[in-house]
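A.B. asks: Note that the protein sequences, when read in sequence, are chains A and B.
1 is the number of the first residue of the first sequence in our numbering; add one for each residue after it.
1001 is the number of the first residue of the second sequence in our numbering; add one for each residue after it.
These aren't lab readings, by the way, just hints derived from the structure by calculation.
Warning: the hint list may mix true and false statements.
[To be verified] Reference excerpt, derived from the structure (chain A facing chain B, CB under 8 Å, subset only):
#1 Val32
#2 Asp35
#3 His37
#4 Asp41
#5 Leu43
#6 Arg45
#7 Glu49
#8 Phe52
#9 Ile62
#10 Thr66
[Stated by the list, open to error] Chain A regions said to be covered by chain B (calculated; three or more residues, Cβ under 8 Å):
#11 22-31
#12 158-164
[Said to hold, decoys possible] Covered by chain A, according to a simulated footprint, are these stretches of chain B (three or more residues, beta-carbon under 8 Å):
#13 1015-1023
#14 1039-1048
#15 1072-1080
The structure presented is a predicted model; accordingly, all values stated were derived computationally and were not measured.
Note that CB positions come from ideal geometry on N, CA and C, so glycine has one too.
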Amino acid sequence: MGAAPPKMESGPPKVMETVIGILIPPACREEVLGDLHERYDGLPRYFLEACFTVPMVIASRIRRTTEPGLLLLEAMVLYLSLTAGALVSGQTHFLTEQNGYSKLAVLIAMALLALVLVDAYAGVAARLILAPAAALGALLFQFRLQASNPELAIPSFRMVLFGSLAGMLLVTALRWLFAPGDNRTTGA
Amino acid sequence: MAKSDSLGQFEQLVLTAILHLKDDAYGVTIHAKVEELARPKAASLGAVYVTLDRLEDKGLISSRLSDPTPERGGRSKRCYKLEALGERALQESAATARRVWEAVAEEWGKEIEAWGPRRPKWNPVRPK
């Protein structure tokens, strides 16, 4: 009988842990990855547990960082900005005749989703910089939509450009005034 | 300003787990204790995190990150502590549960004695 082999340290594969870590918002990444690592009991179980846990962690983080009142204000200023864009570029007929308001809603929903995710994943300081970037992302999404699915896109480039720039400025101003908080301590 | 309002059943379980675990209250241990308290029902780790976040927002608990440990892949634990508001909310919940128990026992006294082994779902701490 030989000596017992040294106990190997068991843990999830680094690649999988890295991928799961990217999905978890940074504010709770450390403890959630640590807890999952500590409970590691084979790859299938780890994967399943991560699949059930991570969406709830993201949802909880979104609930903590999203202020419904501010989000509503942002939706309103984006709608107003794009409507003003339609007036400036002489596209008012688009709003009334081609389901324009519904098409604006697609773009605004994308911008709001980007803002919600920025709030959940970025620190308080970074949010002010990333919020305009999120609005810019929605603008790029609009161009992509124009290429792939033109019936859902807004036809006028000038209208989208003016509306997005005005919306970006107003959203940034709103965020300076009513910055969403971060109520979690991170110190040891 | 956080205010003391009534707790949900799962919130009571999580607060009780934190109270019981004292300085060792973090995700894994809280989940294990909650599963033990909620038996035969299962509780997911994600549900525990969501509830911990909610309780922290209400000001009933507070948290801090501990030092990293090798068994967690060099990662820290987030340790939770009951705040005064949380202790008060848990006391109120326990008092309510006790009154419910006493009222039920008054009506179904002998039946409750017989529930023990057959009805494992109903297993509260007996009042003195």
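A.B. asks: Decide, hint by hint, whether the structure agrees.
C.D. replies: Results of checking the hints against the structure:
1. Look at Val32 (chain A): its Cβ gets to within about 7 Å of chain B, closer than 8 Å, so that hint holds up.
2. Proximity of Asp35 (chain A) to chain B holds as hinted, the smallest CB-CB distance being about 4 Å (cut-off 8 Å).
3. Contact between His37 (chain A) and chain B, as hinted, is supported at the beta carbon level, the nearest pair being about 4 Å apart and thus within 8 Å.
4. Below 8 Å, beta-carbon pairs count as interface contacts, and Asp41 (chain A) has none with chain B, the closest being about 12 Å; its hint is therefore violated.
5. The beta carbon of Leu43 (chain A) comes no nearer than 15 Å to any beta carbon in chain B, farther than 8 Å, and the hint placing it at the interface is violated.
6. Nearest Cβ of chain B to the Cβ of Arg45 (chain A): about 12 Å, over the 8 Å cut. The hint is violated.
7. Checking Glu49 (chain A) against chain B: minimum C-beta separation of about 7 Å stays under 8 Å; hint holds.
8. The interface hint given for Phe52 (chain A) holds, since its Cβ lies 6 Å from the closest Cβ of chain B, which is under the 8 Å cut-off.
9. For Ile62 (chain A), the interface hint is violated, since its Cβ never comes within 8 Å of a Cβ in chain B; the closest pair sits about 11 Å apart.
10. For Thr66 (chain A), the shortest C-beta to C-beta distance to chain B is roughly 13 Å, which exceeds 8 Å, and the interface hint is violated.
11. Check on the region 22-31 of chain A: 3 of its residues sit with their Cβ under 8 Å from a Cβ of chain B, so the three-residue criterion for coverage holds.
12. For the region 158-164 of chain A, the stated coverage by chain B is violated: 0 residues have a C-beta nearer than 8 Å to a C-beta of that chain, whereas at least 3 were required.
13. For a cut-off of 8 Å, the count of residues in the region 1015-1023 of chain B with a CB near a CB of chain A stands at 0, and the three-residue condition is violated.
14. Counting residues of the region 1039-1048 of chain B whose CB falls under 8 Å from any CB of chain A gives 4; the rule of at least 3 is met.
15. Coverage of a stretch by a chain is defined here by at least three residues with a beta carbon nearer than 8 Å to that chain's beta carbons; for the region 1072-1080 of chain B and chain A the count is 6, and the condition holds.
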